[in-house]
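Number of protein chains: 2
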Amino acid sequence: MEQTFIQYMKKIQHYNEALSVLYWDMRTGAPKKGLEQRANVIGTLSAQVFELQTADELGNMLTTLEAQKETLPYITKRLVEEVREAYDLNKRIPVAEFEQFTIEKAHSEAAWEQAKEAADFAIFLPHLEKMIAWKKKFIGYWGEKNGSPYNTLLDQFEPGMTTAILDDVFGKVRAVVAPLVQQIVANGKQPNTDMLFKHFPKDGQREASLELLRRLQYDFDAGRLDETVHPFMIELNRNDIRVTTKYDEYDFRSALFGVIHECGHAIYEQNIDESLTGLPLCTGTSMGIHESQSLFYENFIGRNEQFWAYNFPLLQQYSLQQFGDVAVDDFLKAINFAKPSLIRIEADELTYVLHIMVRYELERDLFNGSLQAKDLPQRWNDLYEEYLGVRPQNDAEGVLQDMHWSDGSFGYFPSYALGYMYAAQWKHAMDKDIPNFDELCATGDLAPIREWLTEKVHRHGALKKPFELLQEGTGEGLNPTYLTAYLQEKYTRLYAL
Amino acid sequence: MEQTFIQYMKKIQHYNEALSVLYWDMRTGAPKKGLEQRANVIGTLSAQVFELQTADELGNMLTTLEAQKETLPYITKRLVEEVREAYDLNKRIPVAEFEQFTIEKAHSEAAWEQAKEAADFAIFLPHLEKMIAWKKKFIGYWGEKNGSPYNTLLDQFEPGMTTAILDDVFGKVRAVVAPLVQQIVANGKQPNTDMLFKHFPKDGQREASLELLRRLQYDFDAGRLDETVHPFMIELNRNDIRVTTKYDEYDFRSALFGVIHECGHAIYEQNIDESLTGLPLCTGTSMGIHESQSLFYENFIGRNEQFWAYNFPLLQQYSLQQFGDVAVDDFLKAINFAKPSLIRIEADELTYVLHIMVRYELERDLFNGSLQAKDLPQRWNDLYEEYLGVRPQNDAEGVLQDMHWSDGSFGYFPSYALGYMYAAQWKHAMDKDIPNFDELCATGDLAPIREWLTEKVHRHGALKKPFELLQEGTGEGLNPTYLTAYLQEKYTRLYAL
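Chains as they are written, first to last, in my numbering: chain L, 1 to 497; chain U, 1 to 497.
Hint data in this document are derived by calculation from the structure and do not stem from the laboratory. Take these hints with a grain of salt, some might be off.
The list makes no distinction among identical chains, and a pair is therefore deemed to hold if it is satisfied within one copy or across any two copies.
Here are the simulated lysine to any residue pairs, SDA-like style, with alpha carbons at most 20 Å apart [said to hold, decoys possible]: (1) K198 <-> L494; (2) K202 <-> P231; (3) K136 <-> Q401; (4) K33 <-> T454; (5) K339 <-> D445; (6) K137 <-> T454; (7) K490 <-> A106; (8) K11 <-> Y23; (9) K189 <-> E439; (10) K33 <-> D273; (11) K189 <-> P392; (12) K11 <-> S46; (13) K456 <-> I335; (14) K136 <-> A119; (15) K10 <-> Q37; (16) K189 <-> Q156; (17) K105 <-> T71; (18) K33 <-> Q378; (19) K33 <-> D221; (20) K246 <-> L196; (21) K136 <-> Y250; (22) K202 <-> I12; (23) K33 <-> Q182; (24) K32 <-> D273; (25) K464 <-> I335; (26) K32 <-> G59; (27) K130 <-> R215; (28) K11 <-> D168.
Only chain L is shown next, with the shape it has when bound in the complex (with noise of 0.2 Å):
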């Protein structure tokens, strides 16, 4: 029995494993004219799926597996509770309502791409309203979770996660961080970062971009690295894991940190431990912890003075009429540039964790029952103008930004503040276990750190939930100081305040 599940379940990430290449390959230069035949493709192969994983004959697996769960290995037991916790997800929404969502949320999307484009909040409204409806009637078939409605959505994407954690830790970090944003602005000395923005061509960014991820230790044999127009990593299998970047000539960080970042989340999939291979356990553990390692990689290896005392030479090697009389300091300083902006996706390392909090808010009181849709655009405005002391000028520049919520994924943008506070924290506690951790980063020896963090993090896959990764891996449950700590050192010496 135990194996005929094992075998089941592998069943079902074949048929993901086909998805994602089809995704992948959509993404990556599929010709256009094919892409509304290969919409069926994906229909035929989802729905398939979802029938394998709400077949009667998976709960029967389950049930039995888990009268006898004392006595199943570690692994095969984990992977009962998790496929059990999908099961009733997906079991409990009646199949009738989740088609009529999907549609929904299909010209949902619509609506906000068309409102988006024409800076227009009246265009999106209604399809927001049926989103955030649907979303809270499938909530009321979940059951609160943690005690709130919001807490269920939040669940789902970082187990354990509650409002109650989000409201303490998310204030901590703003006391700190908000009045360094404005000790920078009243400051007004910024650093010259012309450099960032001169001509750097594709090709040369290419190889540059190929031989970092080398650097960083991404292995070429299970992944690959292709153009896209929003950069994603994706998990083919536990041995193909392909990274994607997008090129600007005039903006070469787009690519370059963008692949630092993507290198991150793809190192985590590819040292998932052997002996998860094919399952469903074996991907990361929850969006945060997820964002924990691209952020660990983007921020912590890639804003690193060392880091760029080692790798500055291949930036002037491929572009050097743009760096060949600059100083790795100069850079060093433009590259950490932090000033008060309207776009998340364009933040700096500073602000971003302020955009999140406007998000996150305003999420847990639509769904917590204080506010209405209708009213988002001006609580957003407020809230910038409160955190960011900016106010955007139109929705396209505000409450319209992010695709989101579009597409009904409330309670997601929290893990992007929650990955931070979680690479500031793994660090801290690598300082102990590898003292000489900038000198590594000068010497380009990072196996250290990727072994590091493969230990305490990758190899385990979704085996352990993100508060128990955590707590085993830095003895303590989530500490927001070391995020402020690192922001506060950091930001004071760059701009000397």
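Keeping the supplied structure of chain L fixed, place chain U upon it in accordance with the hints.
Same frame as chain L, but now just chain U:
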């Protein structure tokens, strides 16, 4: 019922599209470590397709529809016929035997690779014997078609084809080609081909290939060009027809003529009528007809003098030092160079059919009983000596050179030569409707040529059988004299015989 049947067949095509993307991806850069798991994915999806193709549900639908055949729309009627044929072929073989065959086939393919590497037929012989035995067993289930076991195999690649027809037409072609080849050898004068083997940088070859594809009317909104090891064309769906090529920096013909060849295959698929979208009829009707399109493009367009009068500057543009001071006439003589050789895939336009005839005769005698597998190397070498005047020195350059037999693809080889005869016959028929063919090539206006082929061949997909297409499109059955006349005229002129 009709709609249910059509939806059922479309669903199978969805899985086939997923499989095609998986194959395409494996052959255009999928990371090597991921391939082991990928094989399982392909296994699961293939099993699902086979299950759908052999389900009793499908058999019942076919029986019901066959009872009302005369009232069905034309496309549905043809669909029922084609699906019935495949259904019976699939159903007659016991599943356990087919699975055993599949396993032994994998071993046979591996053994062939080993044997070729070691130039030792003995390694491959026991596996080849098994493949032949399996096919003979299957023929027992399928039944003899057109009076002999080998005809059953021929019919699966080229419906209606028989050894009686092939003996006749191959005899007629050989009667012209063999003496021509002997004359060229006796004559002893060969054009200068040095310019073919000069350095042509890969990036330039890629750019020239892309431009050539555009000029040949390949639709990049419904396709793309990628790099691979063994070039192929693959149909994902009617609007996603991909080509691949291989770049040899010291023999540009591999990429450029390869691209023209695959373009012929691709244009066939891109121009099938929209009414066949999503159905298994939305594909080429046979191997031979498919090859007639690739060879039409490769030889009748791609070796046309006026075509190069128009396109030679493109080669000069991307490889100036190679072609800058070459006269287009000398280039034409070089690319039409003919000389007896041992390796089929490196053979020239004139001698190629002789290579095919060797394989045909061996297959025919193997299945109709007068030849044993163990005697193949000797017979192979004797036939090469007889037809081409050259004798292999070992099995790697002899009987082991092609992989087709290792996976049991007997009956396939003749398609290559049939395609060539068909192509010459299309060209002859086209000349009546398009008397200014050369002028169109000279001005780069290839649309009327593609439109003619679309009208006579492409649009029908698999709605019509090969002989039906040929009869309706050219007014007669297979007639090899168009090929022999073409070769006679061309090579007598080029070699001043």
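Between K32 and D273, at a C-alpha cutoff of 20 Å, which is it: within one copy, between copies, both, or neither? Answer is between: at 18 Å across copies they meet the 20 Å cutoff, but 38 Å inside does not.
Please sort K105 with T71 into within, between, both or neither, judging by C-alpha distance up to 20 Å. neither (43 Å within a copy, 41 Å between copies)
Within, between, both or neither: K136, Q401 at alpha-carbon 20 Å: Answer is neither; intra-copy 23 Å and inter-copy 65 Å both fail.
State whether the alpha carbon distance between K33 and T454 is at most 20 Å within one copy, between copies, both, or neither. between (42 Å within a copy, 19 Å between copies)
When no copy is named, should K33 and Q378 be tagged within, between, both, or neither for a Cα gap of at most 20 Å? Neither. Shortest intra-copy (41 Å) and inter-copy (52 Å) distances fail the 20 Å Cα cut-off.
Evaluate K33 and D221 at a C-alpha cut-off of 20 Å and name the case that applies: within, between, both or neither. For K33 and D221, only the inter-copy Cα distance (6 Å) is at most 20 Å; the intra-copy one is 32 Å.
Homo-oligomer pair classification [E439, K189; C-alpha up to 20 Å]: neither (30 Å within a copy, 70 Å between copies)
Homomeric proximity label, K202 with P231: Cα distance no greater than 20 Å: within (16 Å within a copy, 28 Å between copies)
Can you give me the call for K130 and R215, within, between, both or neither, at a CA distance of at most 20 Å? Result: close neither inside a copy nor across copies, 47 Å intra and 50 Å inter.
Cα distance capped at 20 Å. Does K33 pair with Q182 within a copy, between copies, both, or neither? Neither: 50 Å inside a copy, 50 Å across copies.
Regarding K490 and A106, is the shortest C-alpha distance of 20 Å or less found within a copy, between copies, in both, or in neither? neither (43 Å within a copy, 60 Å between copies)
Within, between, both or neither: K137, T454 at alpha-carbon 20 Å: neither (39 Å within a copy, 54 Å between copies)
Of the numbered hints listed earlier, those contradicted by the structure are 1, 3, 5, 6, 7, 9, 11, 13, 14, 16, 17, 18, 21, 22, 23, 25, 26, 27 and 28.
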